[in-house]
Amino acid sequence: MKTRQWKILLILLTLVCFLLPSQQVLAEEPIVLGCPLSTAFLYGWAAERGFKLAVDEINAKGGVNVGGSKRLLKVEVIDTRDLEPGVPVSEALLAVEKLILNKKADFIMGGPVRSEAALATMSLLNKYKKVSIVTTGVLTPNYHAMVAKEYDKYKYCFRIHGEAKNLVGEMFANFSDLKEKYQFNNLFIIAQDVSHARGAAKVMKAVAEKKGWNVTGVEIFPTGATDFSMALLKAKKTNTEIINIWMDMPESAILLKQWYEMKIPALPFGSTLAAAEQPGFWEATDGKGEYTLCNVVNAGNAPSNATPWTMEFYEAYTKKWGVEPEGLGTSSSYMAVYVLRDAIERAGSLDPDKVISELEKTDLMGVYGRLRFDPKSHQVIPANDPKEGVVGSILQWQDGKRVVVYPKSIATGAIQLPPWMGK
Amino acid sequence: MEILIYGTINSVALALYALGFAMVYGVSRLPNFAHGALYVLSGFITWSFLNSLGLNYLISILLAMLATGLIGALIYQFVLIRVRGMEISEIMASYAIGLAILEGLRWGGFKGMTYTLPAFISGSTEIAGIPVDYQRLLVVGIGIAVVGLLWLFTRYTRIGLALRGMAQDERAAMMLGIDSDLMAVTAMGFGSMLAALAAVLLLPLGNIVVESGYNILILAIAVCIVGGLGSWMGAVLAAFLIGFAQILTVVYLGSHFQMVVALAAIILTLIIKPSGLFGRQKELEERV
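Residue numbers (numbering that gives the first Met the number 0), protein chains in the order written: chain A, 0 to 422; chain B, 0 to 287.
Isolated chain B, as found in the complex:
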């Protein structure tokens, strides 16, 4: 039972880490290597609103999400747009931005282990005799809600449909009058907001540290590669595969191998099915 409970929690956390990355790549084919840095940055922005400006927690969260979304959009508009389509340059530019954000935070004095966000609900309960804290249950609840809302958003709103159109076929979308760059900026903004949402949900479980930015990026990439780059639903499914695999590894092989699972998943996927579970990239070459 504990495998089911904590496997689900771990999987939803991974899905939250990866959704923003998947959205940006899905729409603009841009691998946003600043994703982990934006995650950490949003945590520190929330912390600053809460502790330095003394704002209400909920307002701090909303403002931090908006600020992170705006920062993401600006990063695209002023830097990444210039290298769009040049894959290596996109990776280098976005990674450099991420690095600058993380090192900037460190340089600005955000170091140490005492930066934390309060849990929304303190305390724990038991499910079938297994203790689970409320914050983790909330993560699962909100995580599922986010996936559901994202599904509705991409099917029943004009922007969502435009984003989907872009993700499916950029040229066809442009022929229908969809502004490619505008949609890419929008996707980067939404993707960054999703990173911020993941941060405010998951950081209260521990603390905000600069170094975790690199870790989050690796996990997000692993989930997206396994799920298929560009596929949001693939990312969710892959999050569950990796999430449960990690928990099973801890139980049956040893906690020592926990981090290897994500990296092994990347390698295996690239060997067996480079396009991932639901990815379209390289699918044609694979068939040929």
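Here chain A stands alone, though its shape is the one from the complex:
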């Protein structure tokens, strides 16, 4: 072969070498998970970390098998800011639209975090035919009720974590125990002026009265309120034994510190009490948060042995991020990626209708129990036993540690009362 021919062959070979991988890359475009999250808040950044951990694990194993070809996952996050005072729903909607149109998200995962914004996003998901799995915040029962009511319109919406009604049920299971053990009968409710908390406070009051509790007061505080003295004094005056708190705003730390300093003889039993969920809460309050209870919504957001995967996830998360899973949205965001991966692999495509159909058939033993969706409402099915469904997790701060006290099937301790309650 002449030198000239050799040269041409060499050039052709080089071209082939360059072209081959680029074709492969084209064939393996990553699957984009668009995550609209309020990243400055716990429920936002914890979800982002959960997603990224799961994505890293799946990608390390070659990615997602879509109809025979392996595709990697990619996380795109836009800050929705919807947990800020004023609940800027329009900003959250813009973030979702930007994820779909600019970032070319194949799926929407995570938020928007605030219920008001998530409800407003449902129509947008229908417009763009994007499958979404809500994994953090969004506790309003209206979310899955809307899917059940108008399935064809809202079939794209799934929720993989517990909702307000589950939380209310979990609360009352504990209240009943406390009533039986200590003859508690007086309940005071403090809620933040946001959709899920207002709704939950209303439900709590109705259920409490039905169950024979004396509701000594219901106080709704606007987001950003900085003084809770009047409510605490009212609770004290009315011999309240449990203060039920529905508040995810940062100022809830003021409430808890004030409760401790004033030695109010009532147990602070929170739900979505973001300030108390984080592992750094103890240090931040100089231990004044002791005895505070809060619902972190799903197991895995606090240490327990709900399933064999729980502590495996817990340790992997701690290793990657240098902090323990911090609260609502962590384990659910992590699991959502695995659930979606399985659904895509079974569907063999990214076609929304096929993925929806497979998501409805999900049956996976995850970090916080057996994961299944109600096929009509797309709400994850809750249970008290992780073998039956997804379990919640209520923790209490005891001697600097987050101790899971509910459900009993995964509890690592029992509820303790502050000594100034004299019980």
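Calculated directly from the structure, the hints in this document are not laboratory data.
A quick note: this is a predicted structure, and the numbers were derived from the prediction, not measured.
There may be inaccurate statements among the hints.
Stated by the list, open to error - Derived lysine to aspartate or glutamate pairs resembling DMTMM-like cross-links, with alpha carbons at most 25 Å apart:
1) A:K235 with B:E125
2) A:K69 with A:E359
3) A:K102 with A:E56
4) A:K233 with B:E125
5) A:K236 with B:E1
6) B:K110 with A:E75
7) A:K102 with B:E102
8) A:K407 with A:E314
9) A:K51 with B:E102
10) A:K180 with A:E314
11) A:K422 with B:E125
12) B:K110 with A:E289
13) A:K235 with B:E1
14) A:K103 with A:D78
15) B:K110 with A:D78
16) A:K60 with A:E357
17) B:K110 with A:E323
18) A:K262 with B:E1
19) B:K110 with A:E83
20) A:K386 with A:E311
21) A:K129 with A:E27
22) B:K272 with B:E86
23) A:K375 with A:D362
24) A:K97 with B:E102
25) B:K110 with A:E115
26) A:K262 with B:E125
27) B:K110 with A:E314
28) A:K209 with A:E179
29) B:K110 with A:E282
30) A:K236 with B:E125
31) A:K318 with A:E282
32) A:K148 with A:E179
33) B:K110 with A:E90
34) A:K375 with A:D341
35) A:K233 with B:E1
Position chain B against the provided structure of chain A, taking the given hints into account.
This is chain B only, laid out in the frame that chain A set:
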């Protein structure tokens, strides 16, 4: 009794939020919309001195107050001085700076609810059977002392008299040889230090969060508008009016309306007496 106790505490807290804003506006007629951001920034500076550098708490506080004062003065000297007298530009520039500070803090990783400052004194006592914690009592004590010292400062020191002169009549003050820009820088520095003082006193009650900057700004503006823009004593009186109104609202109407009080006070003042209780701005138009 609890209304009296917690109304006073709430009022002193509002006065502390607003004094810095009132001082800057009083002297330089500059509405410092970065006030809330400086409040939050000083909290994080104190936290950083205390936790990252391991300095003594008192030293951390003093250094943070000085640093915030310096930052305030620099903001005036390098940015706001260029738009002085142009009201809309002043508002936009100072708000933009505030926004940049708050977003910068967030971008720098200061997010979450675990940034806190320790209380000076832990524990509580009872006044007429009402439990009150020592930190809140300290806030009242120091708040009253600050108002008193500010009164003395503006009457018995050269700088204080110059600031008062500027606040009363800028042209007359300039005719007497007072450097208008220097006084405005000084006022911005002192105003920022007052924001820092409020922060180190009040943040130990809760936590340091970026979002509270906007809230503090609204409260400070509400107090200053009701009291009369530019009047320090008006601000103190307005703080008590709004502070007690908030507590009474919580007790008799519901905690739900607590935040509405400040905003309603702004609207009512602007309708009934736009110059506020002790303000001189627009007073002439009102009389006419």
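Cross-check of the supplied hints:
{"no.": "1", "hint": "A:K235 with B:E125", "in the structure": "holds (13 Å)"}
{"no.": "2", "hint": "A:K69 with A:E359", "in the structure": "holds (23 Å)"}
{"no.": "3", "hint": "A:K102 with A:E56", "in the structure": "holds (22 Å)"}
{"no.": "4", "hint": "A:K233 with B:E125", "in the structure": "holds (16 Å)"}
{"no.": "5", "hint": "A:K236 with B:E1", "in the structure": "holds (11 Å)"}
{"no.": "6", "hint": "B:K110 with A:E75", "in the structure": "holds (20 Å)"}
{"no.": "7", "hint": "A:K102 with B:E102", "in the structure": "holds (23 Å)"}
{"no.": "8", "hint": "A:K407 with A:E314", "in the structure": "holds (22 Å)"}
{"no.": "9", "hint": "A:K51 with B:E102", "in the structure": "holds (24 Å)"}
{"no.": "10", "hint": "A:K180 with A:E314", "in the structure": "violated (35 Å)"}
{"no.": "11", "hint": "A:K422 with B:E125", "in the structure": "holds (22 Å)"}
{"no.": "12", "hint": "B:K110 with A:E289", "in the structure": "holds (23 Å)"}
{"no.": "13", "hint": "A:K235 with B:E1", "in the structure": "holds (12 Å)"}
{"no.": "14", "hint": "A:K103 with A:D78", "in the structure": "holds (16 Å)"}
{"no.": "15", "hint": "B:K110 with A:D78", "in the structure": "holds (13 Å)"}
{"no.": "16", "hint": "A:K60 with A:E357", "in the structure": "holds (22 Å)"}
{"no.": "17", "hint": "B:K110 with A:E323", "in the structure": "holds (17 Å)"}
{"no.": "18", "hint": "A:K262 with B:E1", "in the structure": "holds (16 Å)"}
{"no.": "19", "hint": "B:K110 with A:E83", "in the structure": "holds (12 Å)"}
{"no.": "20", "hint": "A:K386 with A:E311", "in the structure": "holds (17 Å)"}
{"no.": "21", "hint": "A:K129 with A:E27", "in the structure": "holds (20 Å)"}
{"no.": "22", "hint": "B:K272 with B:E86", "in the structure": "holds (21 Å)"}
{"no.": "23", "hint": "A:K375 with A:D362", "in the structure": "holds (15 Å)"}
{"no.": "24", "hint": "A:K97 with B:E102", "in the structure": "holds (21 Å)"}
{"no.": "25", "hint": "B:K110 with A:E115", "in the structure": "holds (23 Å)"}
{"no.": "26", "hint": "A:K262 with B:E125", "in the structure": "holds (11 Å)"}
{"no.": "27", "hint": "B:K110 with A:E314", "in the structure": "holds (23 Å)"}
{"no.": "28", "hint": "A:K209 with A:E179", "in the structure": "holds (16 Å)"}
{"no.": "29", "hint": "B:K110 with A:E282", "in the structure": "holds (16 Å)"}
{"no.": "30", "hint": "A:K236 with B:E125", "in the structure": "holds (14 Å)"}
{"no.": "31", "hint": "A:K318 with A:E282", "in the structure": "holds (21 Å)"}
{"no.": "32", "hint": "A:K148 with A:E179", "in the structure": "violated (39 Å)"}
{"no.": "33", "hint": "B:K110 with A:E90", "in the structure": "holds (19 Å)"}
{"no.": "34", "hint": "A:K375 with A:D341", "in the structure": "holds (20 Å)"}
{"no.": "35", "hint": "A:K233 with B:E1", "in the structure": "holds (10 Å)"}
When the structure is compared with the earlier hints, violations turn up for hints 10, 32 and for no others.
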